[in-house]
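Chains as they are written, first to last, in my numbering: chain A, 1 to 325; chain B, 326 to 650.
FYI, nobody ran anything at the bench for these hints, they're computed from the structure. This one's a predicted model, so the numbers in the text were calculated from it and none came from an experiment. Please note that the accuracy of each hint is not assured.
[Claimed, not checked] In silico DSBU-like links for lysine-lysine, alpha-carbon gap of 35 Å or less:
(1) 126/A with 480/B
(2) 155/A with 276/A
(3) 355/B with 480/B
(4) 126/A with 275/A
(5) 30/A with 162/A
(6) 451/B with 155/A
There are 2 protein chains.
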Amino acid sequence: MTVTNIRGAGAGGVGRQLMSEPIALLGIGKIARDQHIPAIAASNAFALAATVSRSGGVDGVENHDDIAGLLTARPDIRAVSLCMPPVPRFDIAMAALAAGKHVMLEKPPGATVSEVLKLERLARAKGVTLFATWHSRHAAGVAQARAYLRDAQIKHVQIDWKEDVRRWHPGQDWIWQAGGLGVFDPGINALSIMTEILPNPVHLTGATLAFPENRDTPIAADLAFAGPAGMRVAAVFDWRQEGPQGWNITVDTTQGQLRLTDGGATLHIDGMAQKKDGLGEYPGLYHRFAELIEAGQSDVDVSPLQHVADAFLLGRRDVVEAFED
Amino acid sequence: MTVTNIRGAGAGGVGRQLMSEPIALLGIGKIARDQHIPAIAASNAFALAATVSRSGGVDGVENHDDIAGLLTARPDIRAVSLCMPPVPRFDIAMAALAAGKHVMLEKPPGATVSEVLKLERLARAKGVTLFATWHSRHAAGVAQARAYLRDAQIKHVQIDWKEDVRRWHPGQDWIWQAGGLGVFDPGINALSIMTEILPNPVHLTGATLAFPENRDTPIAADLAFAGPAGMRVAAVFDWRQEGPQGWNITVDTTQGQLRLTDGGATLHIDGMAQKKDGLGEYPGLYHRFAELIEAGQSDVDVSPLQHVADAFLLGRRDVVEAFED
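Just chain A, same shape as in the assembly:
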């Protein structure tokens, strides 16, 4: 159970009112421009009222250099969404929570598990909503996959998350720096789906991580997990994939096969395509953030990041050829 109550439901709700809640977006990089800004623009619950960026904000939107400037200038803004990489994000998240703001965190929610637990404690103490998002959980096939597996006897799960890093993460230096997760930056999306759809927790039993000799984070990883009654999960993350790209999860159960493709957006059960549902990934996240604020709840599930930390802890390191961007 990752949802916790922070106060009486209904107080200060924003989800169902006619006026949109002003929200500030902090960290205006690729993910903010590609996903957050369009999702907020399409949202009935939120209106983009300010940004914090040192490298340029958004046309027509008030911009501040740092969180301190935002907090001073706009006490009326009660909700903030943090899109910068995890390493610089922690201090900003602490400052926002300390100022009594509702906070939404891009994935991964922290550079370490311990710091996410600190944010959770502070949010609880301040009585505000903390939402550690996992956007892939809102992909169009995930909720139905979870429902299908709820009572299934699962035999084996195969996760293949294979993409070309040059195509999907051009110039994102931070992903190669210590704490930037490397191939686990996309791979954690697969783990966030895995932990959402499997009815019982699994634990890592082995891992191999391939580090380019000139980089601090892995370019590929093989993981093995074990669950109840002999259930096994095998996961392959690879950033060296040329040609067809793939983000697929196949679950074999005693009653049939479930297959999530396109990062969770497409669901087949025994080869039959299922209807898509939900609002889509980032619109789904903002809808959920509004719901959590409305209900006086937080939603912080560290399990995907915990599995990544466990993989670094338990995994064997292989050094592979240098990677040049």
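Once you have looked at the hints, place chain B on chain A.
Relative to chain A, chain B alone:
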């Protein structure tokens, strides 16, 4: 808070009865022979009734080849203590808990954090005691250090854990294998003291891990943590220490300096030696295990292992010269 109630206090207690509770010891290696067997021999609460070992048991004590043999032959034994390395320990711990045994785990409590959380869930479901031990927390200066720091304003903590791996871990191949933790095997003792004596949680902000080019685990590590109000912790773990060996923690506070040496066994405050207290490390652990069983409680604190996982996750990897045992 790491202590949780598993059932009504007093049921099935062993701590204060006249007869000793039979206990089985599983994994008869160096730590079992050096510490566990003498501590059980000196304990009023427990009597060593059986062992599980494939490499030779203890003279005069019934030995079984595996946990299944023990469980079948000795249903009367309600408490087991697991001393094997973390990687092979999980399945054995699950089997013992599933059979309704009270379980005590050597440190670290698992090869991953997620598996410890699984053990905790199973212990709760079965209504038995799970005790994830941290022996250094029972060193003679730790309880007083915790009391001194409870209301202190801490400025800086310096941890130096420097020992010669050849002297202290001869032939322990598993510590060099993935999941064996390397220098974090002793270093986690320092982190277990740190998390015990500091009144507020800290989180890792940076780490450098030195991996010998022929090994899967680090031989040295530098860690930096941050706490409230600008408090900082610097930790240096090094297995390459020749000459004087040292396991020291120095805490500078606004009212004075606290210094734990000898792995926590000796405490100085402002240069004044303090009286030692407690039963000693392993006698203290068995006393506590009996208390937990008596009270119907579990004690599982993963925070030291969480910090190690965070260090592997966030840390920069340096490759250093090969290490030959």
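For each hint, the structure was consulted:
1. A hinted pair counts as satisfied when its Cα atoms are at most 35 Å apart, and residue 126/A with residue 480/B qualifies at roughly 25 Å.
2. Distance restraint check for residue 155/A and residue 276/A: the Cα-Cα separation of roughly 25 Å lies within the 35 Å cut-off, and the hinted pair is therefore satisfied.
3. Restraint check: the Cα-Cα separation between residue 355/B and residue 480/B comes to about 39 Å, which exceeds 35 Å; the hinted pair is violated.
4. With a C-alpha separation of about 41 Å, the suggested pairing of residue 126/A with residue 275/A is violated against the 35 Å cut-off.
5. A threshold of 35 Å between alpha carbons decides the hint, and for residue 30/A with residue 162/A the separation of about 20 Å falls inside it, so the pair holds.
6. A threshold of 35 Å between alpha carbons decides the hint, and for residue 451/B with residue 155/A the separation of about 25 Å falls inside it, so the pair holds.
Going down the numbered hints, you'll see the structure goes against 3 and 4, while the others check out.
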